[in-house]
Amino acid sequence: MASLTTLTLAEAREGLAKGDFTAKELVEAHLRAVEAGRDLNAFVTETPDVAIDAAAVADERIRTGRAGPLEGLPIAVKDLFCTEGVRTTAASRILHNFVPPYESTVTAKLKQAGAVMLGKANLDEFAMGSSNETSHFGGAVNPWRRKGEPKAKLVPGGSSGGSAAAVAARLALAATGTDTGGSIRQPASFCGIVGMKPTYGRCSRWGIVAFASSLDQAGPMTRSVRDAAIMLGAMCGHDPKDSTSAPMAVPDFEAALTGDIRGLRVGIPREYRRDDVPEEIARLWDQGVAWLRDAGAEPVEISLPHTKYALPAYYIIAPAEASSNLARYDGVRYGLRVEGDSLDAMYRNTRAAGFGREVKRRILIGTYALSAGYYDAYYAKAQKVRSLIARDFRDAFGHVDVILTPTAPSAAFPLGEKVDDPVTMYLNDVFTVPTSLAGLPGISVPAGLDGQGLPLGLQLIGRPFDEETVLRAAEVMETAAGFTAAPAGVEG
Amino acid sequence: MAYLIEGDSGNWEVVIGMEIHAQVISKAKLFSGAATDFGAAPNSQVSFVDAAMPGMLPVINDFVVEQAVRTGLGLKAAINLTSVFARKNYFYADLPQGYQISQYESPIVGNGEIVLDMPDGSTRTVGIERLHLEQDAGKSLHDQHPSKSFIDLNRSGVALMEIVSKPDMRSPEEAGAFLKKLRSILRYLGTCDGNMEEGSMRCDVNVSVRPEGSDELRTRCEIKNVNSVRFVQQAIEFEARRHIDLYENGEAPVQETRLFDSRKGETRSMRGKEEAHDYRYFPDPDLLPLVLDEAYVQRIRDSLPELPDDKKARFIADFGLSPYDASVLVADRATADFYEQVAKGRDAKMAANWVMGDFFAAMNKTGRGIDDPPVTAENLGALIDLIADDTISGRIAKEVFEAMVDTGKAPGVIVEEKGLKQVTDTGAIEGMIDEVLANNPDKVAEYQGGKDKLFGFFVGQVMKATQGKANPKLVNEILAKKLKS
Amino acid sequence: MSLDKATVRSIATLARIDVPDEDLEPLAGELSAILDWIEQLGEVDTEGVPPMTSVAEMTLPRRADEVTDGNCPDKVLANAPESQDGFFLVPKVVE
Ligand SMILES: [Mg+2]
Ligand SMILES: [Zn+2]
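Protein chains in written order, with the working numbering: chain A, 1 to 492; chain B, 493 to 977; chain C, 978 to 1072.
A hint or two may mislead.
What the hints assert, rightly or not - Over the 12 Å line for every Cβ pair with chain A, so calculated as not near, a few chain C residues:
hint	residue
1	E1034
2	V1044
3	D1062
Unchecked claim - Here are some chain B residues pointing at chain C (derived, C-beta under 10 Å):
hint	residue
4	S518
5	A585
6	T711
7	C713
8	L780
What the hints assert, rightly or not - Computed Cβ-Cβ distance ranges for the label pairs, DEER-style:
hint	chain 1	residue 1	chain 2	residue 2	range
9	A	R394	B	E597	48 to 58 Å
10	B	R791	A	E298	48 to 58 Å
11	B	E597	C	S979	29 to 39 Å
12	C	E1016	A	R270	16 to 26 Å
13	C	E1016	A	A152	35 to 45 Å
14	C	D1051	B	S639	21 to 31 Å
15	A	P101	B	D685	29 to 39 Å
16	C	A1041	B	K568	21 to 31 Å
17	B	V783	A	P305	40 to 50 Å
Just so you know, the hints here were simulated from the structure itself, not pulled from any lab data.
Quick reminder that beta carbons are idealized off the backbone N, C-alpha and C, glycines included.
Isolated chain A, as found in the complex (with noise of 0.2 Å):
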């Protein structure tokens, strides 16, 4: 079965319920495929032990029909969910040897589904960056490569890029992703995967290492809009543990995935046409608005005037809240410490060494965007800004029920070509911080190649918890678009 790799969580599952292979089986395939994979560095622990007996766990609970959702699915969790007894480090040294003593109820959610982890996903270090290229264990490898230059490598994107080039290369058949800004949707949309960022609020924040707590969301990130379906609802629900998380019943996704979408009405915001961005972009995205026309709905043009304003005020208000949430990793009780003749000293050395560049430099913009004199130019300024920008979506939605936009300004790049420069790094976002910013669901959804055969994707944006019909035209748009290529040397 040397294609077990290869099925959708919704085949698996097929697959082992039927009896055409066991959770052993499939585990074990995975484990040796994120072996072979290792160059790709996208697991930052691998956790072989543990899903070996997960899989024995879960082949038993099929055998005596107890089996969940997700029962004996090998997925890759981003190391970024607190695992109990598993190393969890944030992909940041000041976190390199922490060990949980507690499970993220996201990722406890998925266990109690059945899904067995394989191991935990490298990302961009505390998921500040778009290119994975801030790890401290180096960067995840997009399994993809332009054509004819199969030895340059690329960018997985970011933050959650260990998470999408494990799904990509199929080493896992789904893993979780956390998005901020666009960590989910982008580093998807370079990969060839489907990436979605659900409302704030609906997965629980509770046991994720907080990057900026208004923004950061859970979501799945996985071969099939189906697969995204059937992973969100095992992820999400209400927990009392978290005081920002909704307290809604969790539809059944799955069931949302009719295929018909006539008489939707999908918003085309202006704004998002920028000249910076690649023709071929421009053009997918009139592609995409093609295939859901053509599946009967209406395309609206629509008006986001504040989007310009989003990815500024987006780079005050992540980091500012970065600065305080980062202002734990002291050396006392957990991580790194690197001593000091006092316990300043202690301090200034274990942040200095266990922080990189790019943290450094978030932690700093966002110290200075709240200090005296600063907080009302720049942190107070920016949350009216993102006032705006909310408004502007709700009035969107009073005459659309999704808006389509492509999902990042270009394809992924190759590594080290942006590192240097913050400001052309932070543009990758341009499409995704808007949604962030309003708290609404995204998804990415691979749509197609770019003219050097690198994948890329279109997003759709829904209303506040209406990922339900988000799915349902993102599943309509995939079966459109007919993605099926994969990176070299993957089956698709």
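Put chains B and C with the ligands on the given structure of chain A with help from the hints.
Here is chains B and C with the ligands on its own, set in the frame of chain A:
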């Protein structure tokens, strides 16, 4: 009369404001389910939230919110139906998150007031600026090890109410009265045990001075953690004098935080530690605005007990007590209840005198509290009844009270056992008087010769003969009659 | 809005991150570039616009006052760089 400090340049007035940190009485912490009991093993009452482990999140304790509202209502303060939690960012060994969750621009309680009861019976009203909820920090021990400090996070995350007064106090005495009255109100409400020794009530004092008659507000210094009424008063006296000396030497105090050294009785600057403090307050994104409705507040208002001021007014009106006596009796709820039980259906003034006099003295002497009184309210009441119905005289009553304290017996029993019943039988008293007069013919002659003050001598003799049990009134009447004849 | 070395040094002090003097200049450059780019927010008219408090359109949930947590000092201390007798240890703090 106003409290003024004499300086070379004239008289100075001191301006005092207070910030009280009061630990909220609750089972669990403000944002975590860990226990709040005092004195547990190090780090045994710490949840992963309190230790600020990665990914941990705060969830607010409903009862603590209720306690804050209850306290606000007890301070006659405005309750803000929407309040916001903010992060106060700074690094310290016992502050695990690297920030304290507090309330900044939108506290849960706004303006209120406290009425001070001064020893001369007068009252002063002190404004309350605000009350807000915040997390306590952990504890650092510095003397366990030559080069290390030890950190215990048991207190980390315990709910505190920070109560800020307006700068309305003008003397150390008023500052002391403020602390006592606030503690009394918190205890009546059951929102804080007011225990300053265990640190469940901590006090920062803001002090400035100004020339008599001026109404300017000059540079103030904040004196941190002055943890007894006495220390508060000492600290104010010292700090005021320090400011005055500076001004009179052509200098001026700098606005700063100072520490009170209770051994030396002085305050000293904390400068250096304070330097570069920029707390970078911003709304805590892990929490949403705290929104209450009027009905919720009303429910709490309806459940408030009678508070010291109302009780005091009632005691003055119903029992005819002086304002001062009333304020002394209501300061502690149990004492007030004890007094009411004694006073019920009796001479309330006499009851007040006995409770504040012999009874308080007995509590001090025996070291017993009001919850375990040296004499029960019932017995003290019975004693007063014996005086009222002339069974015993006031003088004998003191003796009986002593015995009650020593034996715990009821006054009636003691009077019986010791045969202390007053002699009111006229015949018996006449007999004794005749005997005394017969035994002292010379004195009788002298008296009748005009030496009136010998009257007392005869009374004394009669009393002696009856071991003080003869009813003094009767003795006087009969004696006077007989000496005339 | 460009930051000078002194400002960067004081921010770094606030954030408790040691920055060697030779790095202050380049860092000031990087941060200034980011802040310059952020300046465009100034173009937006936010007159009378309330700052966003939370995208979650709900109010603060409250839990019951029950002891449900704690009593696990070993787990709390398990990752400590230095601990003794149940305490975390840090370089001595001079009061
Ligand atoms: Mg204060
Ligand atoms: Zn405080």
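Against the structure, the hints:
Distance check for E1034(C) against chain A: the nearest CB is about 8 Å away, which does not clear 12 Å, and the non-interface claim fails. Every CB of chain A is more than 12 Å from the CB of V1044(C) (nearest about 16 Å), matching its label as outside the interface. The claim that D1062(C) lies off the interface holds: its Cβ sits roughly 16 Å from the closest Cβ of chain A, which is beyond the 12 Å cut-off. At a threshold of 10 Å, the smallest CB-CB gap from S518(B) to chain C is about 5 Å, leaving the interface hint in force.
Interface restraint check for A585(B): the shortest CB-CB distance to chain C comes to about 5 Å, inside 10 Å, so the restraint holds. Interface hint status for T711(B): violated, as the beta-carbon distance to the closest one in chain C is roughly 25 Å, over 10 Å. Evaluation of the C713(B) hint against chain C yields a violated restraint, the C-beta minimum of about 18 Å exceeding 10 Å. The interface hint given for L780(B) holds, since its Cβ lies 4 Å from the closest Cβ of chain C, which is under the 10 Å cut-off.
Under the hint 48 to 58 Å, the C-beta atoms of R394(A) and E597(B), about 26 Å apart, miss the expected range. At roughly 52 Å, the beta carbons of R791(B) and E298(A) sit within the given window of 48 to 58 Å. Remark: the range hint 29 to 39 Å for E597(B) to S979(C) is upheld by a beta-carbon distance near 30 Å. Judged by the Cβ atoms, the range 16 to 26 Å given for E1016(C) and R270(A) holds: they are separated by roughly 24 Å.
For E1016(C) and A152(A), the hinted distance range of 35 to 45 Å is satisfied, since their beta carbons lie about 36 Å from each other. Roughly 25 Å separates the CB atoms of D1051(C) and S639(B), a value that falls within the hinted 21 to 31 Å. For the hinted restraint 29 to 39 Å between P101(A) and D685(B), the CB-CB distance of approximately 33 Å keeps it satisfied. Distance hint check for A1041(C) and K568(B): the Cβ-Cβ separation is about 29 Å, which falls inside the suggested range of 21 to 31 Å.
The hinted window of 40 to 50 Å between V783(B) and P305(A) is violated, with their beta carbons roughly 31 Å apart.
Of the hints listed earlier, those the structure fails to meet are numbers 1, 6, 7, 9 and 17, in rising order.
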